[in-house]
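K.L.:
Chain by chain, the residues run as shown.
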Amino acid sequence: MNQANSKRGYFGNWGGAFIPEVLHQTFTELNEAYLRVRGDETFWQEYVDLMANYSCRPTPLTFAENLTKHFGGARIYIKREDLNHTGAHKANNVMGQGLLVKRMGKKRVIAETGAGQHGVATATMAARFGFACTIYMGEEDVARQRPNVFWMEKLGATVVPVTDGSRTLKDAINEAFRDWVASMDSTHYVLGTVCGPHPFPEMVAWFQSIIGQEARKQILAQHGNMPAAVYACVGGGSNALGIFQGFMAERAVELVGVEAGGKGIDTDHHASRMTGTRAAAGVAQGYKTMFLQDDDGQMLDTHSIAAGLDYVGISPILADLGDSGRVRFEAATDREVIEALELTMRTEGIIPALESSHAFVQAFKDAPEMNPHEAIIINMSGRGDKDIFTIAHAFDDPSWKKFIIGRAQEYRKSSGE
Amino acid sequence: MNQANSKRGYFGNWGGAFIPEVLHQTFTELNEAYLRVRGDETFWQEYVDLMANYSCRPTPLTFAENLTKHFGGARIYIKREDLNHTGAHKANNVMGQGLLVKRMGKKRVIAETGAGQHGVATATMAARFGFACTIYMGEEDVARQRPNVFWMEKLGATVVPVTDGSRTLKDAINEAFRDWVASMDSTHYVLGTVCGPHPFPEMVAWFQSIIGQEARKQILAQHGNMPAAVYACVGGGSNALGIFQGFMAERAVELVGVEAGGKGIDTDHHASRMTGTRAAAGVAQGYKTMFLQDDDGQMLDTHSIAAGLDYVGISPILADLGDSGRVRFEAATDREVIEALELTMRTEGIIPALESSHAFVQAFKDAPEMNPHEAIIINMSGRGDKDIFTIAHAFDDPSWKKFIIGRAQEYRKSSGE
Amino acid sequence: MNLTADLQKRLQNKPILLMTHLVLGYPSLEVNREVIRQMAENGVDCIELQIPFSEPMADGPVILRANQDALNRGIRVADCIQFAADIVQEFPQVNFLFMTYYNIIFRYGEEDFIKGAAEIGIKGFIVPDLPPEEGESYLSLSKKYRTAPIMFFTPTSTEERMRKVEKMGSGFIYCVARKGVTGKKTAMDDSLARSLNSYRSATSLPLAVGFGISSREDVAMLEGKADMAVIGTATIRLVDNQGPAAVGPFIAELLGH
Amino acid sequence: MNLTADLQKRLQNKPILLMTHLVLGYPSLEVNREVIRQMAENGVDCIELQIPFSEPMADGPVILRANQDALNRGIRVADCIQFAADIVQEFPQVNFLFMTYYNIIFRYGEEDFIKGAAEIGIKGFIVPDLPPEEGESYLSLSKKYRTAPIMFFTPTSTEERMRKVEKMGSGFIYCVARKGVTGKKTAMDDSLARSLNSYRSATSLPLAVGFGISSREDVAMLEGKADMAVIGTATIRLVDNQGPAAVGPFIAELLGH
Ligand SMILES: Cc1ncc(COP(=O)(O)O)c(C=O)c1O
Ligand SMILES: Cc1ncc(COP(=O)(O)O)c(C=O)c1O
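Protein chains in written order, with my numbering: chain A, 102 to 518; chain B, 102 to 518; chain C, 527 to 783; chain D, 527 to 783.
Keep in mind the hints are simulated off the structure, nothing from the lab. Take these hints with a grain of salt, some might be off.
To be verified - One side of the interface only, derived from the structure: several residues of chain D facing chain A at Cβ under 10 Å:
no.: 1; residue: P582
no.: 2; residue: Q594
no.: 3; residue: I631
no.: 4; residue: L665
no.: 5; residue: Y671
no.: 6; residue: F678
no.: 7; residue: V691
no.: 8; residue: V702
no.: 9; residue: G750
Please read these numbers as outputs of a predicted model, since none were measured by experiment. Every residue gets a Cβ at the ideal spot worked out from N, C-alpha and C, and that includes glycine.
Only chain A is shown next, with the shape it has when bound in the complex (with noise of 0.2 Å):
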């Protein structure tokens, strides 16, 4: 990404660096960390190796030849993120961090999550580096989640369930912060999106910027020419600024981010900063951004099917391209997301995370009203078999209803005894 913006780390009005003084010096020097391996060409070959690898890079490009049969208009092809090792983008970021840490000399790791993903990618990185590891978690996404915490503890992470504020996302980036400025010596704090204090948003979209480079090449060798429009889900932002960049110099490619919608962005239930009314231009967990607050600057709490998407702020790259207008804002709604997600898995064999499946969602909105010969691609930044306790509760399965009830027998029995 280049700066916008002529001071270190801002995206036209959006970023910097708002951290406590004694994350000065740690800031500094990842800074000059970054810096270096942004500038040696060796690491990025030596991450692009580890991601073929370890984590089956490049990822497909599918194209979706039932959905587009299905919609009639443009041809849609499927970035496939969800084919990564540990099932989803943040992959790349983490790997991609754990190889500065390694350069970095420092021995353990922190890490935020809110749907476990990150969390989970996160303690894989750290046992294949020989990391410590510690996940901070909401207390609610530690009960919501639990087979991600299972996953996480077995790769022997140390996963601390966070009892403040909402307890879900935001409050696990606080609590991580509030354990770096304790142990930054021997700690890197593995931010999971392109979000946070400069240099994360920069670095972190400079890893995940090998979705954008890969789907470049591939849509013009399997299309034969520049895609009309490329869909992502926008939580953090991380996995959308990841293709996008692979297509920002195409200005007559559009770009469309997708936010939680929820129960619908009239609602007090949706996480949507850049649609809808409920954001304003403010500073919170070291970077200023779009967030979902109050008049006074309390954030709001938020919601989305998608625990990936529940969040308060937003990219402030994508805050910027987003005032810009070179990324169009969509919102998809909870219920909208459940129908994408249906037709995907039955129409193509293929199951999105609910996250990602908004981007679904919008793709499907656009795509009838194209042409035949223009293409779309939607990044599918994770796959939804991981979700099976949200999505199989979504769908109000009663069969799914009646194991769960009958596994719980078993074990209320055996602890009985």
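Guided by the hints, dock chains B, C and D with the ligands onto chain A, whose structure is given.
P.N.:
Chains B, C and D with the ligands only, in chain A's frame:
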């Protein structure tokens, strides 16, 4: 595979096509269709392209540096079939058969499934190709593997619980045959492994040989030499044969198949056909092989912590390779499997399926005895996160139990309303 | 007299023959014996004695469960053979055949099994999962011990296939009336009639046909088109619901007595 | 008189000054008022009035929960400012500072906030998530309205960094005794002593230091090494456990009165 026996579909003493007369014509047509595509190089290319575009092939061969250091012997490489779409090598076979079904002009597929892995893969393939799909699954497996049932249904398949026999995999196979003898005009039976009547063993082995073809190239590129040994778990035998075929002609490469030792091969609770003394030559489910059976020829109940290895028979091709000594067979107990799984998660950040973990067990036994300039390959047939219910259960994880009990309470409450 | 000759002789006096079926050990050998008595005394010509197998893949749900139930109660292959030996003695007016899956024979020892069966007077074998291509030794042993290996014609059999198959077999041809497993009702429609026509022209062996027969009308419809009506699942259901004593009257009714 | 000058004047008569802290609205403004009275009457020199924020990332669990609790009870920024205006009037012997996170100021409007605070007599601001690099307008507005933007020295600060930072600030330097968030006890050990030495040589501004101070000994140890002891979490805990009336005696004891 080349046939070791002059009789069609035989490998040494094993194989054949013990099918009801009503299926004679169906098998004639299937054999013709199979031989046609087998001789058609464009078909194989179409298959390779499909797997590359839809399922991330070639899957990586990951060097397990930490495990290698841990054991201090041979260099350990892991073939990453877990990174396939749907999470296991089963995808190879189903997509291959899917292409064949398309060529045969049939519009419906049926399949058996034990763990649910092959069922999910087949339902996925059916969605992608637009086939109707029915999956037969033992009632006991339906109960154990509800998440997979959920996904199959969401992918558009009908899942039929089989209430006869031991209500597990072998009964699902019988039931699928019962469907097929009534529906063969419109329907293809997508057998899930290298078993059953000719041409299934040979055909499935052919589709799975893509694993070995890749692994051979990869180990030469990465290690510069042939591996000393290749390890794979053996249920029906498809992942094992898949990778072994890449090294069959290299007599110096030891091929090691690892069966389910369950609670010990001296107990009644295992599924080891080639190790132990409970198996004998027999004919069932359409083919001749070593079956776990009693003196009368009645099939025995089997046990394994890994549902996908919990099967009475074994590929006739592997039975023959066992006879000739080309493949060495070993067994891994449930307990050893959990230990190997735990170690692999913590040291490499990789979660093998319980099935695959059997291969890891034997590799871990042998690696320390080997020379550091030797290499071994473990075929990681699938990923373990699909097994959360089984693995969390096996680890007897208290928070997991609490989580399930809590969920059940919610569901009970909401259904009481 | 071999089985074919016996059947042809019987056909001189009857418009159609009757073959019935039971699963040995289901619900018990005692009940089997009583059922067989009822069948024999009411004019049944052939009886299939099914030796249970744990994987009866060509059978429908009723026979499948009968197999399992018999095994769960502990029936052994040796028990079945012993029982058959008694029964064949007791009811010489009936042709008894063993119906089972190939693994039972294979595991017992093919020659021991066939020789032993022949010695106790079993006339033939019905083995649904053993196509002639896989049955070389079975076929030659059948010849050696003069037992009839029953072959199948099916709606999917080509003429060429039927001609090949019927040469391998003897006794009679087991004609499958429709696709699918045992136990489902099939209409006696044009397509079945066409099948029977082509079956007839492909062999000189008697044709045995079953398609969920449960009434006198069903049997009557087969007269002139086939040589033997086969009753499978119906008697099992009958015994389950009304006990063995109901079998005699049912058979008598089927034959129009 | 500006804050620095005021503190220096106080130091002529006292071996060490005392700054205390409270979270506005926790547990209520009424209790806050009583606590402030106890502090003021027992000789506290400065009080940090923390305006609650939903994301107090530099605070430890005690202050964090106090922030949340106050917000849950409905405290608003305007209430805090109004309350501060009263209090400053009521206790002219104390220097009051606002402590809060930058978003509160930013969202209120930086100039409105600083100007308003200056007008009611607030002497300075402690904003832990606003490093000088991000605080250009905040710093120039502070200059304009003669409020003190308090800067931080930390154990990780290089000498160069301290020299740069102290130039931007005024009032005093808030010295972080150790890495980590508020509320944890730190030993007055060699490394803290070394830090204080280097802090001292980097600035002529008074040094305020807190490290989980809870007794007279803790304060005494700081005398001569720092200019002002900072009591944060301790009084919140005290009020939670013993009520506001306990604060006066506690302060008196700390100061050795
Ligand atoms: C699959 C998936 N997609 C998207 C997201 C949202 O993050 P981002 O907007 O940074 O891509 C998450 C976060 O957990 C995720 O797990
Ligand atoms: C992951 C995995 N590995 C292995 C197997 C065993 O099958 P096979 O021996 O045919 O590879 C299964 C079967 O379900 C499986 O799911």
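K.L.:
Taking the least C-beta to C-beta distance, is D:Q594 closer than 10 Å to chain A?
P.N.:
holds, 6 Å
K.L.:
Against chain A, with CB atoms and a cut of 10 Å, does the hint on D:V702 hold up?
P.N.:
This interface hint holds because 6 Å falls under the 10 Å limit.
K.L.:
Minimum Cβ distance from D:V691 to chain A below 10 Å?
P.N.:
holds, 7 Å
K.L.:
When the nearest CB of chain A is found for D:Y671, is that gap smaller than 10 Å?
P.N.:
violated, 20 Å
K.L.:
Please verify that hint: D:P582, Cβ, nearest Cβ of chain A, below 10 Å or not.
P.N.:
The hint holds - D:P582 has a Cβ within 10 Å of chain A, the shortest such distance being about 7 Å.
K.L.:
With a cut-off of 10 Å on the beta carbons, see whether D:I631 makes it to chain A.
P.N.:
holds, 8 Å
K.L.:
Hint validation: D:G750 versus chain A, beta carbon distance must be below 10 Å. Holds or violated?
P.N.:
violated, 25 Å
K.L.:
Can we keep the D:L665 interface hint, with Cβ of chain A closer than 10 Å?
P.N.:
violated, 14 Å
K.L.:
Go through the hint on D:F678 and say holds or violated, using the shortest Cβ distance to chain A against 10 Å.
P.N.:
holds, 4 Å
In the structure shown, a violation is registered for the earlier hints numbered 4, 5 and 9, in ascending order.
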